[in-house]
Amino acid sequence: MTDGIGRPTVAVWKFASCDGCQLSLLSAEDELLAIAGEIEIAYFLEATREVKDGPYDLSLVEGSITTAEDAERIRHVRDISTTLITIGACATAGGIQALRNFGDVEDFRSLVYARPEYIDTLADSTAIAEHVPVDLELRGCPIETGQLVEVINAILAGRKPVTPTHSVCVECKLRGNLCVAVAHGTPCLGPVTQAGCNARCPSVDRGCYGCFGPAESPNTASLAGWMEERFALEHPDLVRLFRTFNADAPAFRRESRRHEPEEVTT
Amino acid sequence: MSHRHDRTISVEALARVEGEGAMHVEVADGRVEQVQLRIYEPPRFFEAMLRGRSYLEPPDITARICGICPVAYQLSAINALESVCGVGTPDGVPLPDGIRQLRRLLYCAEWIESHVLHIFLLHAPDFLGYQGAIEMAADHRELVETALRLRKAGNQLLEVVGGRAIHPINIRLGGFYRAPTRAELEAMVPELEWAREAAMEATRLVAGFDFPELEQTHTFAALRPELDRLPPGATGYPLEGGRLVTTTGLDVPIEAWPEHFHEEHVAHSTALHGRMKGGGTYLVGPAARFNLNADRLPEAIATLAEEVGCAQAVTNPFRSIVVRAIETAYAFDEALRLIAAYERPERPAVPVEPAAGTGHGATEAPRGILYHRYTLDDAGVITDAVIVPPTSQNQPAIEEDLLDFVQAHLDLDDDALQWQCEQAIRNYDPCISCSTHFLDLTVHRR
Chain A
1 MTDGIGRPTV AVWKFASCDG CQLSLLSAED ELLAIAGEIE IAYFLEATRE
51 VKDGPYDLSL VEGSITTAED AERIRHVRDI STTLITIGAC ATAGGIQALR
101 NFGDVEDFRS LVYARPEYID TLADSTAIAE HVPVDLELRG CPIETGQLVE
151 VINAILAGRK PVTPTHSVCV ECKLRGNLCV AVAHGTPCLG PVTQAGCNAR
201 CPSVDRGCYG CFGPAESPNT ASLAGWMEER FALEHPDLVR LFRTFNADAP
251 AFRRESRRHE PEEVTT
Chain B
1 MSHRHDRTIS VEALARVEGE GAMHVEVADG RVEQVQLRIY EPPRFFEAML
51 RGRSYLEPPD ITARICGICP VAYQLSAINA LESVCGVGTP DGVPLPDGIR
101 QLRRLLYCAE WIESHVLHIF LLHAPDFLGY QGAIEMAADH RELVETALRL
151 RKAGNQLLEV VGGRAIHPIN IRLGGFYRAP TRAELEAMVP ELEWAREAAM
201 EATRLVAGFD FPELEQTHTF AALRPELDRL PPGATGYPLE GGRLVTTTGL
251 DVPIEAWPEH FHEEHVAHST ALHGRMKGGG TYLVGPAARF NLNADRLPEA
301 IATLAEEVGC AQAVTNPFRS IVVRAIETAY AFDEALRLIA AYERPERPAV
351 PVEPAAGTGH GATEAPRGIL YHRYTLDDAG VITDAVIVPP TSQNQPAIEE
401 DLLDFVQAHL DLDDDALQWQ CEQAIRNYDP CISCSTHFLD LTVHRR
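One line per chain: the protein sequences are A and B, in this order.
Here this note's numbering is used: the first residue of the first sequence is 1, the next is one more, and so on.
Here this note's numbering is used: the first residue of the second sequence is 1, the next is one more, and so on.
Simulated from the structure, these hints should not be mistaken for lab results.
Each hint should be verified, as a subset may be incorrect.
[Said to hold, decoys possible] Here are the simulated SDA-like pairs of lysine to any residue, each with C-alpha atoms no more than 25 angstroms apart in a straight line:
hint, chain 1, residue 1, chain 2, residue 2
1, A, K52, B, G233
2, B, K152, B, G233
3, A, K52, B, H140
4, B, K152, A, K173
5, A, K173, A, S203
[To be verified] In silico negatives: residues of chain B with every beta carbon more than 10 angstroms from chain A:
hint, residue
6, E47
7, E57
8, G92
9, G236
10, A408
Virtual Cβ for every residue (Gly too), placed ideally from N, Cα, C.
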């Protein structure tokens, strides 16, 4: 709840992740001290050992659910949070660690650990929304600091945050980028990927690799077919292209499944 | 609480570290019997996920192991994979000077971003008696503002060279997608010149903190670059590669890693524990780098080190924050040298063709040596991957140091002891997210 002088209380939570998205908050160098003046940072272990008890007005959640303990913990976080916002690809789609969802986690566990019996893990890495209701999902691997600042501002002002749902292609047009797919023959997920990064990859002559996950109504099958024909991509290439940091986002999951060899499809 | 003789101290969730860990201490009859760092960061199985992926993918995939040091992952992967494919090797396809300069420059930027975060936002509050940097800012606004400006300089350099501060997108096997122009880099010079001076001043400030007594007897391990393989403009302190050296006289190429080091799996941690073959713990990180490579610092930085009391080997882990500050000043100085000498490569990358074989690569992540090994088939598909992050190498040595530290401070009450143990753990800047494979403190006094 609000602190003594009426500032909203904010908690930052981590599940299975790389810390990069919560680091985005500390990387708002120009805004950090101003933000800290407007909110009460009540729980943010990466930044402070001071822990204030909930409930909290806003919880920012990083990471995916990969253990039974964490599945329990996220329900507790939801219970003590008025607004819950997930930050980044792990929290919104399961992250890169959701690659296990396409294989056998037992194989993974015994491949990495000499004593697999010490390791507690669930078969799948899942998004927060598969466990509890989520008020807003912020995309990206990592999220963009500007979007996070916008969301915090919007919440402080009591308005809806402005986060685009159109594709990266729109950002390329706005920046005046030459299309890397059409002009250079570079495979690019820009047409089916949600905007937000300001077309970082095409701006350095690289194809988009989908950090922000599927855009609204993405036609992945059309894009995959076009790239297959135009760039002579083979099925394993298409599987890898759609199966990275948002591999388990439904639109990308379906598309990568379509290009798997029959015998592996389950 | 009964006594200082028999007790258990428990920190259930360590703050101001990257990732999730806990600490458990058992004390019986006034003797510390056991110290465990429990890493409960959920396992993410990167080494297994890499099997079946293309040789071109590890720089992007392994970057996601750590949001604080992605460049370390990218460049360790690139070193290993290029060695398989015969690029940048003595008899292979040469890498243009400009590409090698950009790689080292990108690495300097990551050291700045990571070191400044750790020194000022994560660790300095312990020395100045604050719960965190936000609380510290109320009394030390100027210090925190300087830290944020230094960090911003590092992040801007990451943006210009890497295309993004966290998980850079512009780096690839063979080089970059787009090489920045001289003008783009030169635009950074005035801020970097301010930052070099500010970092030197900050080093003097940090050196004035009170450091608890603790002496280490560990073996230190670090990389040491071969001077004739450095890009133009570079000085020889280790960043993006080098030979593997230790304070016990080891000096071998990185390919010899598996002959000298291995990892064990213990019950209390999802991080594997690094050991030297033939037994023995060892320590990587700023102190190890400094103790093995201080002779490689350029004159101005060496003079600074001497001025702040680091003329000799640094063996008190609490003084690692001073070495981190010296290294930050070095990273700004080195970045300026590299920019001054930068020749934009004609093409941003050399082609890297797949080849079958096994390759080893290592770089000096901000926290210490990060080792990668990949095996590829002839189509360039990964059949095996091994990643050894710095924190898992340091974990056994950290536990040994904590045991000595707790033993010497049993007169403190549980709260004070807990805070000092946390501070001691932060000496190693543990990156628990990296320990893919950290801290609540429990002290159990019986």
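We went through each hint and held it up to the structure:
no. : hint            : verdict
1   : A:K52 x B:G233  : violated (50 angstroms)
2   : B:K152 x B:G233 : holds (24 angstroms)
3   : A:K52 x B:H140  : holds (22 angstroms)
4   : B:K152 x A:K173 : violated (29 angstroms)
5   : A:K173 x A:S203 : holds (11 angstroms)
6   : E47             : violated (5 angstroms)
7   : E57             : violated (7 angstroms)
8   : G92             : holds (24 angstroms)
9   : G236            : holds (30 angstroms)
10  : A408            : holds (22 angstroms)
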